[in-house]
Structures are given as structure tokens and as C-alpha cells.
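2 protein chains.
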Amino acid sequence: MLIRRLAVIGVGLIGGSLALALREAGAVGEVVGCGRGRPNLDKAVELGVIDRYSHDVGEAVEGADMVFLAVPLGAMAQAFEAMRGHLAPDAVITDGGSTKGSVVEDAIRAFGEAPPNLVPGHPIAGTEHSGVEAAFPTLYRNRRVILTPLSKTDPGALARVDAMWRLCGAEVTHMEVEHHDEVLAATSHLPHMLAFSLVDALAQMKENDEIFRYAAGGFRDFTRIASSSPVMWRDICLANRKALGMMLDCFAEELTDLARILREGDGDRLLEIFERAKAARDRFIDGV
Amino acid sequence: MLIRRLAVIGVGLIGGSLALALREAGAVGEVVGCGRGRPNLDKAVELGVIDRYSHDVGEAVEGADMVFLAVPLGAMAQAFEAMRGHLAPDAVITDGGSTKGSVVEDAIRAFGEAPPNLVPGHPIAGTEHSGVEAAFPTLYRNRRVILTPLSKTDPGALARVDAMWRLCGAEVTHMEVEHHDEVLAATSHLPHMLAFSLVDALAQMKENDEIFRYAAGGFRDFTRIASSSPVMWRDICLANRKALGMMLDCFAEELTDLARILREGDGDRLLEIFERAKAARDRFIDGV
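Protein sequences appear in the order of chains A and B. Just so we're aligned, residue 1 is where the first sequence starts under our numbering, counting upward by one. Just so we're aligned, residue 1001 is where the second sequence starts under our numbering, counting upward by one.
Okay, chain A solo, but in the shape it has when bound (with noise of 0.2 Å):
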């Protein structure tokens, strides 16, 4: 059995998902749960997701030969000093948040040192939907997981956690720390963003309520990330604020320049924008 006993720090549709599915892989013999809410808790019992849990991380921890991070990035920093002085000397540490920069400077603050244990990590994966009565085990089938290894981080806790996403059903693929904050912030943050703020920006025109009456469906489809938890973006938008501030600042100048080539009305230069998009769009998304 590749895991003895598996601590779910934050025990929601990412940490719920993970554990059923190592459960349903037969690869985990115990699961704690740790939260603060005692519904959510109880339910995960009920639901054979955890076999118990605690409300204390430390207590959570002990034990363990797997400890993930299932918290808001929010909480990340408090959930590393809570485990610090009770971790099993062969325990794996390893995450799910969506930025990693941030998780490894939290664990430097709590450990005094990146410790050699963790394995940064970020399944690609979700649902509209949380808590874990949203969890499912087949969560991150054919789902890709980035983990960002430190340079001092142990290789066998690195195959470890390698793994238990196997285990899954995910592609596992590797990353420095600063290319998946970037690559991130490309592909999903800045997208948050822009989403987030067209509709905000359109909310504040005058006669908003006209505006959004004659939305298409393209609107709705480019805006429905802006439907999602706005705390869980503020967090991570903060915690990758390094990587996004920079997109950012260029896309910001790159619409700039967008304006001056439409107030030249220069068509070549707009269609050859276009048709490079268009190409890239289709190639790459919708030929995977």
C-alpha cells in the first residue's frame, strides 16, 4: 500500500476527491480529516471519504506518512505552523493550491527552511462546485497535476507523491516553482481577471441593466469565470501577485496599442492579430 495513513488538511472537493480516489486505487489504508466546521466533518465520515478527523492540525498530522494541503492559499501559512513539532519523521507533505510561490515561502516562514519533504503540487482540476459532498473519486482522471520539486526536496518523497497522482489517473509533469506561477497566471489568472473586471466595469456604466440585456452568447461564455468565489480569487490572485502584476502590466499596454491600430483603422494589422489568435485558439485548444 503506497499510502499508510493519508492527513486531508481541509477536507473539501479536492482534498474529498483525492482521498476516494486513492481509496478506490486501494493505495491508503487510513484517512484523517482535518477542518474547522463539524458538518462538513461528520458528513465526510458518513460519506467513507475520512475514517475521523480532528479540528487540530498537529493532531491531524501524527501519524501520517502523507500529509495534503487542501486549505484556501489564505490559510496555507497557519496550517504549516500548525503541523511544525508533530510530522512522523518519514512524512510527505505535499499540496493542491493553485500558486506555488506562495505555498513554498509560507512553508520557509513556518520551517525556517523549504523542508525536504514537501512537493509542492497543483492538480488542474475542479468543478463549479465545493465541499465535500461535491468530492468524487474519478476528479482528476486524464487531469493534469504540476509538481514544482525545490532543489533540496528529497527524491523519494518527490516519487511518492508522483505516485499517488498516478494512482488517480492524472498526467503528472514537472515544474520549476516561478515557470508554473507564470504559466498559471497566463492560462487562468489573468483570464480571472479580465473576466472578473469587464463585468465589473460593465456593472458601473450607466444603464448597466441595458447593457447586460442585449449580452450574446459570446459574453456569456467569456464571462462565466466570473462567476466564480471571489475570496478564493482575491487569495490567489494575492498569492501570485509577483507573476500577474507583470501579465498584467503587458496586456494592459498591449490593449493600448490595440486602440491606436483601430484609431488608425489599420485592418491588416488587426486581421493579422486575429487570424494568429483565431489559429492558436483552434490549434491548440480545440485539437486536444
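Because the hints were derived from the structure by calculation, they are not lab data. A portion of the hints provided could be inaccurate.
As the list claims (entries may be wrong) - Only pairs whose alpha carbons sit at most 16 Å apart, straight line, appear in this in silico EDC-like list of lysine to aspartate or glutamate:
id: 1; chain 1: B; residue 1: 1152; chain 2: B; residue 2: 1105
id: 2; chain 1: B; residue 1: 1242; chain 2: A; residue 2: 282
id: 3; chain 1: A; residue 1: 43; chain 2: A; residue 2: 133
id: 4; chain 1: A; residue 1: 206; chain 2: B; residue 2: 1154
id: 5; chain 1: B; residue 1: 1206; chain 2: A; residue 2: 178
id: 6; chain 1: B; residue 1: 1043; chain 2: B; residue 2: 1133
Given the structure of chain A, go ahead and fit chain B onto it with the hints provided.
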């Protein structure tokens, strides 16, 4: 019968669907098509969309009491020029262009002034397909059509175009030309510009194939409109360059502000923006 003879200039999804809807409503006698491609026009006759056709606009509008222009925005000026001197005295002219200021300007340029029988219009409907084979009679059912009559527009002409769209099942509203172009710049043209330019920006980054590989579902939705026709969107953006240029400048400023808020780590401001956006989207989009 509302329309004795309908001339459809540009027999594709938009023009073809109008003809089919009016036929189904028993509201039109004869339908004359006009276009450049013989195979498409032969197909239109075969499908019963039009009764006959001409490649010459002047010939096609001869004797028609309703003329519907469904050519690309870049071809409107030429179409107006070509029909001058061939229109019946009772002919009402309307169109399906996505911007209205440019169409009115094209008409003024061709006729010296905006003809009293011109009723600029914009059916907010479409699919990802094009050509007459994509046309179907219910395209406009429960969709919005915006008419933008001018101060000199004949009330009788307006009433006829209004009635025509209602017979197709559409919900018709009237708006000032400039207001239409601003509303559509906000809800349609700006989102398309953002999607095209975001995908293009990512496509030009180093290791862009890797970036797209890690794009999740949200990115797919957000950038779907970047797979739209580059030529059509070049025409639309150029035609609405004034309103759209202003929107782009405003939005670029907003992004620069957002980058600053992010760098300052102002989580409260971020949360405020995200919450306002989510509330607006949930209320206006999903609530409708």
C-alpha cells in the same frame, strides 16, 4: 401579406434565416436573392430560401418593397451605391449589421442623405456556422432585434420593419444609433478584442505550446470567441472604432489600476471588485 417582394442582399445565415422565417409566417410573396457566388445562390433556390437571384444589386432590388442588407459591414457602402436609382418608391431598406453608425454613414455617402425609408437594424442572433445551408427559420425566435431609426426615418417604414421582425418571433427594441454602438462595444466587441488579443499574446510567448497545454476549462470558455471569423471581426471593430477605442482605453486604465492594487496587496479592494462582478453576472446573465 406584409411583404410583396423581399430582396435579400447577401444570402447566408442571417439573410437566409430571415427569408425562411417570413415564409413560414406566410408574410412574404416573392424572395429575390443577391450575392456573388453562384453555388451558394443555387443552393438557396434549391433549399427554398429564395425564389430567384441576381448577381446585380440594382437588378435584385427592382420592384422590392423590402430590402434586407445582410452583407459584411465592409461591403455595405458598395451595396448602397449599387441600389441607388433602382429602388421602388415604397421600398423600405433595413440591414443586419453589427454596428449602426457605420451603416448610416455608408448610406449617407451613397444617397447624399439618409433615406427616410432606411431603418438600420441589428438582430442579436447567430451561430458558429455561416452560409445559406446554416440558415433556419427559428434563428430569431425569442432573440432581440435592435432598430435604430434616425430622426428623419419615416414612421411607416419603421412600423413595417418592426412588424417583420416580430413575425419572426423576435423581441424588437428601438435605440439611438450611438447608444447601440456603445452597448455593443461593451458587451460584444470589447470581449472579442480581449479574447483575440489574450490568445495572441499567449501564442507569442516562449514555450507557448506548454502554456496552452495547461489551460483549463475556464480558459476554453473565456477564449471561445477567439475562434470567430477574423475577417468579420476586423470589419466590425473598424466599423465601430470610435466607441470601441474608447472602451479599450478605459479598460486598459482599469487593468493598470488593478495591477497597482495587486502590487499593493490590497485584498479588500480585490474582493470588492470580484464580489461586485460575480453579483452582476449571476444576476444579469444566469438570472435571465
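Status of the hints after comparison with the structure:
no., hint, result
1, B:1152 to B:1105, "14 Å, holds"
2, B:1242 to A:282, "30 Å, violated"
3, A:43 to A:133, "8 Å, holds"
4, A:206 to B:1154, "30 Å, violated"
5, B:1206 to A:178, "15 Å, holds"
6, B:1043 to B:1133, "8 Å, holds"
This entry does not satisfy hints 2, 4, going by the numbered hints stated previously.
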